[in-house]
Amino acid sequence: MLLTQSSFCIAPIKFSIGKQYSFKTKHRLFGESENIFKLRSRSIRKLSENYNVDTYLTYVRSKLRPLEVVSAEMDKSCGDHRDRGIGITDFFHGKNIFVTGATGLLGKALVEKLLRSTSVGKIYLLVKANDKETAFDRLSKEITQSELFKCVRDKHGISYDEYVREKLIPVVGNVCERNLGMDVHSRNAITEDVDVIIESAANTKFNDRYDLLLDANVNAPQRLMMFAKGCKKLKLFVHISTAYVNVRREGIIYEKPLADDEISSCSFPEIDVIDEIKLAMKSSNESTGYDADKELKRLTLERASFYGFNNGYQLSKAMGEMVLNEIRGDVPLLVIRPTVIEGSYKEPVPGWIQGNRMFDPVITSFGKGLLRAFLADPDEQLDIVPVDMVANATIAAIAKHGITNTRQLNVYHVGTGFVNPLTYSRAFEYVFEHFSTNPLDNKTSLSKIKYFDEFGKFSKYIRDETWEHINAVCTEQKVLLQRRHCKANIAYTEQLCKAYEHMGFLKARFYNGNTQKLLEEMSEEEKVEFFIDATKIDWRKYFVEIHIPGLRKYVLSN
1 MLLTQSSFCI
11 APIKFSIGKQ
21 YSFKTKHRLF
31 GESENIFKLR
41 SRSIRKLSEN
51 YNVDTYLTYV
61 RSKLRPLEVV
71 SAEMDKSCGD
81 HRDRGIGITD
91 FFHGKNIFVT
101 GATGLLGKAL
111 VEKLLRSTSV
121 GKIYLLVKAN
131 DKETAFDRLS
141 KEITQSELFK
151 CVRDKHGISY
161 DEYVREKLIP
171 VVGNVCERNL
181 GMDVHSRNAI
191 TEDVDVIIES
201 AANTKFNDRY
211 DLLLDANVNA
221 PQRLMMFAKG
231 CKKLKLFVHI
241 STAYVNVRRE
251 GIIYEKPLAD
261 DEISSCSFPE
271 IDVIDEIKLA
281 MKSSNESTGY
291 DADKELKRLT
301 LERASFYGFN
311 NGYQLSKAMG
321 EMVLNEIRGD
331 VPLLVIRPTV
341 IEGSYKEPVP
351 GWIQGNRMFD
361 PVITSFGKGL
371 LRAFLADPDE
381 QLDIVPVDMV
391 ANATIAAIAK
401 HGITNTRQLN
411 VYHVGTGFVN
421 PLTYSRAFEY
431 VFEHFSTNPL
441 DNKTSLSKIK
451 YFDEFGKFSK
461 YIRDETWEHI
471 NAVCTEQKVL
481 LQRRHCKANI
491 AYTEQLCKAY
501 EHMGFLKARF
511 YNGNTQKLLE
521 EMSEEEKVEF
531 FIDATKIDWR
541 KYFVEIHIPG
551 LRKYVLSN
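For the sequence shown, position 421 matches number 421 in UniProt numbering, and the numbering has no gaps at all.
It should be emphasised that the hints constitute simulated quantities derived from the structure, not laboratory data.
Just so it is clear, the structure is predicted and the values come from calculations on it, not from any experiment.
Hints should not be assumed to be uniformly reliable.
Said to hold, decoys possible - DSBU-like, lysine-lysine: derived pairs with alpha carbons at most 35 Å apart:
(1) K150 <-> K460
(2) K150 <-> K487
(3) K155 <-> K256
(4) K346 <-> K282
(5) K141 <-> K527
(6) K487 <-> K536
(7) K498 <-> K235
(8) K553 <-> K536
(9) K498 <-> K282
(10) K233 <-> K122
(11) K498 <-> K527
(12) K235 <-> K517
(13) K460 <-> K294
(14) K460 <-> K205
(15) K457 <-> K278
(16) K487 <-> K256
(17) K517 <-> K346
(18) K541 <-> K141
(19) K527 <-> K232
(20) K297 <-> K541
(21) K368 <-> K536
(22) K487 <-> K346
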């Protein structure tokens, strides 16, 4: 069984972000023109799990060639799809897939959809566990027995357990360990067997410790790509990124690699990934005691702000893309950049979601009466996309580009803002409508949200509003008792809105021409089975009748 932990050395690349430095040799990956993003590789020390200095490991750069970037909108290699479609189910028939991050929101949705709608071969799942027993336990509790898999369970009935044992192969490992933490037997079996690698694992905390963010979102993709180079049947490497790697720009953002000349007009310093990881490692080694986490999270904010990103998550995901773009060599690479992923729209269960994430803390705080104002332009777009549509678009894009099996790099924005825009004012109207008729607490009074364009004005309003409300409804003795509680609520509200402030004033628009072209190439049957048509989303129905009820059921247990 592929369930014994061991290690095997892949020489890692380490990267970082910093000022422009002078080197004897510079290699420009994308030709002679100036680019905002550059990578430099060199021998460096490994970031080990405890970030102590380890032995030097050398990465030998293969001969680099200009990236072969092909827009899916212009790619005619797949022929005329009007009659036969993309051939999604044909492509996945008997194919073996290796997935990281399968216990996460999107990873789990991808696995379920592949089992339900295709005749996929084996799906190897990299599971963080100490032993095979723990791996099987996680597979059962977090994946196969979850509510999301009800349709698959109903389809196979009493043979469901046998079916998933045949299809889902848990592999003990960890993307943040050397060689993915896999034993030799597992590694050899997967390299011989796998057709597609889907990298969905990530640290999605906006401003986690800098060392942890870079290890999970920069080093881990590099380790997986180095592993992919040894896979004998590999047809495609799929990297789940985020549309917000391009948040440093305004206007229309096209589906192109970060290092294209198009972004060279940005006024921020260039990014050197190696130096930034060395900085993270150095800071981690020097930070000790109770303040270590606080210091490393402060470093995250400083580095993100200096390079024009709103948080460390965006910065680290941008660096992860940069790494993959450089080291992939001849490995075909598909980059999926979703916008804000929320609960499912249609399948397999409308409203399914996992965790209080993305925009949901804002929704739940409003429903609890904690949020009476928000930092946003009410006419600005809130670009969210249901998780089932992201899973379907990813699967369809894999089939399209897996068939060609060429060394292309293709980027897909999966969002709704370009074809079915939703403003903050409409979104909050729908949230208010739902909680007005279905309150979380009958004692909570709700009012429509007020918008502010400056944090100072916002903070003054919520403080005045909170104390005015407390003084109006409480006796003098109760006011004193409620003072500490109210201070905590005010601090939470300020922190929440500050974290989401960048989204409330975002001027970028994520062009999704490749995803739209994918829709055009689908057959009528594929359009139904792998629904990705964002123009058909009814936003009022989604918020009032689908997403918020799902959030209450699966997250709030209300």
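Violated constraints from the hint list, given by number and in increasing order: 1, 2, 3, 4, 6, 7, 11, 15, 16, 20 and 22
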